[in-house]
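Those sequence lines, one after another, are chains U and F.
1 is the number of the first residue of the first sequence in the working numbering; add one for each residue after it.
177 is the number of the first residue of the second sequence in the working numbering; add one for each residue after it.
Incorrect hints may appear among the rest.
[Said to hold, decoys possible] List time: in silico DSSO-like cross-link candidates among lysine-lysine, alpha-carbon distance up to 30 Å:
no., chain 1, residue 1, chain 2, residue 2
1, U, K175, U, K102
2, F, K804, F, K517
3, U, K4, F, K599
4, U, K152, F, K485
5, F, K684, F, K652
6, F, K558, F, K443
7, U, K152, U, K52
8, F, K517, F, K599
9, F, K771, U, K2
10, U, K2, F, K558
11, F, K771, U, K102
12, F, K590, F, K684
13, U, K52, U, K100
14, F, K804, F, K652
15, F, K599, F, K485
16, U, K175, U, K165
17, F, K511, U, K145
18, F, K558, U, K152
19, U, K4, F, K443
20, U, K165, F, K558
21, U, K165, F, K517
22, U, K4, F, K771
23, F, K443, F, K725
24, F, K599, F, K558
25, F, K590, F, K652
26, F, K511, U, K37
27, U, K2, F, K684
28, F, K771, U, K100
29, U, K2, F, K590
30, F, K558, U, K4
31, U, K37, U, K2
32, F, K804, F, K649
33, U, K37, U, K4
No lab work stands behind these hints, which were simulated from the structure alone.
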Amino acid sequence: MKAKFLIPLLLFIILVVFLAIGLNRDPHEVPSPLINKPAPAFDIAQLEQPNKNFSPASMKGQVWILNVWASWCVACREEHPVLVELANSQIAPVIGLDYKDKREQALAMLATQGNPYTLSAFDANGRVGIDYGVYGVPETYIIDKAGIIRFKHIGPINSQLLNQKIYPLVSELKKS
Amino acid sequence: MIPEFGHYALILALCIALIQGILPLIGAHQGRREWLMLARPAAQVVFLLLFIAFVSLAWSFYANDFSVLYVAEHSNSQMPLVYRLGAVWGGHEGSLLLWIFLLSIWTILVAQLSKALDEFMVARVIGVLGLVTSGLLLFVLTTSNPFARLLPAAQDGRSLNPLLQDPGLVFHPPMLYMGYVGFSVAFAFAIASLLSGRLDAAWARWSRPWTTAAWVFLTLGIALGSWWAYYELGWGGWWFWDPVENASFIPWLVGTALLHSLAVTEKRGGFKSWTVLLAITAFSLSLLGTFLVRSGVLTSVHAFATDPKRGIFILIFLSLVVGSSLALYAWRAPKSTMGGKFSLSSRETLILLGNVFLVVSAGSVLLGTLYPLLIDALHLGKISVGPPYFNSVFVPIMIPLLVLMGIGPWANWKNTDLLAIIKRLWIAGVIAIIAGIAIPLIMGEFTWLASIGFLLAFWVITSGCLQLIRQAKVGKPTRSFIGMQFAHLGIAVFVIGVTMVGAYQEEKDVRMLAGETVSVGGYQIQLEGVSSVPGPNYNAMRGTFLLSKNGASPTTLYPEKRSYFSSSMPMTEAAIDAGLTRDIYVSLGEELDDKSWAVRVYYKPFVDWIWGGCLLMALGGIFAISDKRYRMKLKRQAS
């Protein structure tokens, strides 16, 4: 057997290894360009108290978590118990961004499922969502004392992510 | 009941395909006639069973049986019948069934048309095809059963993606798959000849028409897909270098190389192991394409649903088929003999050069397609590779290829006098240079890229014409010869189309009120008004535009913006006034605040030449297949 005739097979084996690794990676998971950038500013009405506004500027000086949710979003219901657990740990305030939603339906969902949010900002037309590049609800952001986004997760968070990523990161950010 | 028949037929087909795949191969190895004679009847039964399965699925769509999950997900009772039937291959499960069904059609054709061929060879070829069929059937039955029931049944189906509700769906996938799958025949011939240790010219002669046939289908399939994207997506583009497009284009490039290499193997007995490798590669790339498309490892506008289980299965299948083929190649190919000697200036050398350019271009497209995956796998980040890479890498490789295309057909086998060719071809060179300078000037703007494009196209065209004239003097040209000229002419026509559109298209994005006029490429386009028009399963806003040139009597164009009941995404139906020398393309955008509409108009010179060129290539292939020397063999079979 001459070695040169083995070249195609070797090339193919390398290709298969890469394809196998590629199968376990999600091509849709793109790192957010917002990481390590200041959280986009906004000033919009709150969900529970429409006469009051919320702005990220008011959170300066503390580490906080922003969670994009909506009553129409099925994955958000799945995530909800995890958020309640996160809120109960009192590690950081969890602010909701109710995205493209109807106020009464959103309030009804919080009433029946429990409310993990310190407060929710009400983004009825999705303008704030555009600034944050929201493309899959739910999305979760961790924002540090200086108002810089340090972490972003698209899709529901689970307790594994909570323990392995979110708690350690928030604790670390709180120390600095 | 009917879907269960279909399901049952699929399971039976798997059992018979295993027999078709295993017994004839062992029979051929051990010289057991009774086993090897099983190949043909088994292939016939598999075909019949897959036909039943396919018809059962089509029936479920026809009868709106929404208790079948696949039907409920891809059809809807309001959809017109033709799209309901097209929806049979509108999703993952159904398109795989189509894949396998077409494979069985190719198998049965090989079984019926190979009566003159050595029984051992036929048994091996059909056996290899049987193994491929079994693997894919196992894939369908374990991970992608199109007959899975949905209980309780859905009231109505979810409907097909509106983008797919178009005549393009009816023709494009079957054509493309017919080509993709057709390379399995060349592959099976190559494996059979490696198994038998008889890598000879006869093998090449046999696989040649099959390879050409598959190539014709693939050419037409890709062209149809490109044309579909052009008029349906509303962006006016004809090629996007999307991973799924590339997945069909890479096998096309390798298949083209294979066609030419087979010619050398048939006529001169040369390049045997190279030809075999190309045959294996062409089909492997078809399988790889299926993997890339179906596993979701790459992001694509084709965005098929992804399921990791499916990806793993195809990857294992791919590794087995391609890995064992390449191992067999490494083991057997070194034993192949050298062909006839040839000098540095000969047709063999020129074809080899052309082959190198084709394979390098295929490799560069493959690299660009897989690069995001490689980088991600190495944890180097997430990137995407777009048209700038492909255009800047692919186009320069095509330039020497087109130069070769003008010379190659003039060269003799074995040894040729290059000087004599240059003497004959100097006229073609002069005409090409004149065209390369004059046409851009006539079009109003000189760019080097356009100039090179026209130069090369006219180089190929005049060289072909000169050759036809010379051949006509000598005697009646064979159909193979005419076929080759047609195919090369098709490439030139294609290049003219691409160059024209690339250099001289005009595009305007405007906001228009009723009564306003926009002009593009010397044409005036006036918006008459926009009205609401109901469709069978959508509502459309239809614009009425009057297209005229210098006050001549106007043509009316009706672009639409459709909202399908089943989908929130509005669909753009562009209106195109097609012509031999230009298309006017009008697409209706959003309604703006003040009753005006966003409108996009294109002037696309010679754009239809792109697909016209592909048609000529396919026509050339058909001519080549109908050549006398293949028909003579049929006659010999009959006697």
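Exercise. Does the structure break any of the earlier hints, and which numbers would those be?
Worked result: Hint check: 1, 3, 5, 6, 9, 10, 12, 15, 17, 21, 22, 23, 24, 26, 27, 30, 31 and 33 fail, others pass.
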